[in-house]
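J.: Sequence:
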Amino acid sequence: MVKVKIMAMETGEDSSKYPYVSALCMNGGDGDKSYSANSLIMRRVLSITKPVLVKNTKEMFANLDFLESVKVADFGCSSGQNTFLVMSEIVDTINLLCQERNQKQPEIECCLNDLPSNNHRS
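Read left to right, the sequence shown gives residues 1 to 122 (my numbering).
Hint data in this document are derived by calculation from the structure and do not stem from the laboratory.
Incorrect hints may appear among the rest.
Claimed, not checked - Within a straight-line C-alpha distance of at most 25 Å, the following computed BS3-like cross-link-like pairs (lysine-lysine) qualify: (1) K50 / K71; (2) K71 / K33; (3) K104 / K58; (4) K58 / K71; (5) K33 / K104; (6) K71 / K55.
Generate the whole structure from the sequences, applying the supplied hints.
T.: Structure representation (structure tokens):
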């Protein structure tokens with residue numbers, strides 16, 4: 001089984017120093033105006049581009065031998081489930097490749113990085 005460590009990278013900076021930050025943040029939570037409730041189009045795009053993601057992941061690992069660990073980063077991820085759908089697909093693809101090659105699965109570290117005030121746990 002692939003071990004996945006999910007980290008939300010935070011700068012610890014006060015976002016009020018940057019007035020544009022609050023204008024770009026996604027609405028967390030489950031309300032009517034939340035990103036989760038209004039991200040169906042983005043989810044559809046992820047679904048359509050899934051074959052490209054899988055193909056590129058396979059190509060990246062095609063010439064690599066055994067790896068102990070892999071780091072996957074999403075710079076510009078959003079609040080909600082869409083980020084986890086992409087990370088999950090990458091993890092599943094790596095898992096499948098390891099099974100096909102009869103190799104031990106690496107530890108996979110997924111780093112989510114975005115605006116400090118976006119809540120990756122909503």
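J.: Now look at each hint and say whether the structure bears it out.
T.: Verification of the hints:
1. Between K50 and K71, the direct Cα distance comes to roughly 19 Å. Compliance with the 25 Å bound is thereby established for this hinted pair.
2. The suggested pairing of K71 with K33 is violated, with an alpha-carbon distance near 32 Å, which exceeds 25 Å.
3. Pair hint K104 plus K58 holds up; C-alpha atoms about 16 Å apart against a cutoff of 25 Å.
4. Between K58 and K71 the alpha-carbon distance is near 15 Å, which keeps this suggested pair within the 25 Å criterion.
5. Proposed proximity of K33 and K104 is contradicted: the alpha carbons are some 43 Å apart, above 25 Å.
6. This hinted pair checks out: K71 and K55 have alpha carbons roughly 18 Å apart, not beyond 25 Å.
Of the numbered hints listed earlier, those contradicted by the structure are 2 and 5.
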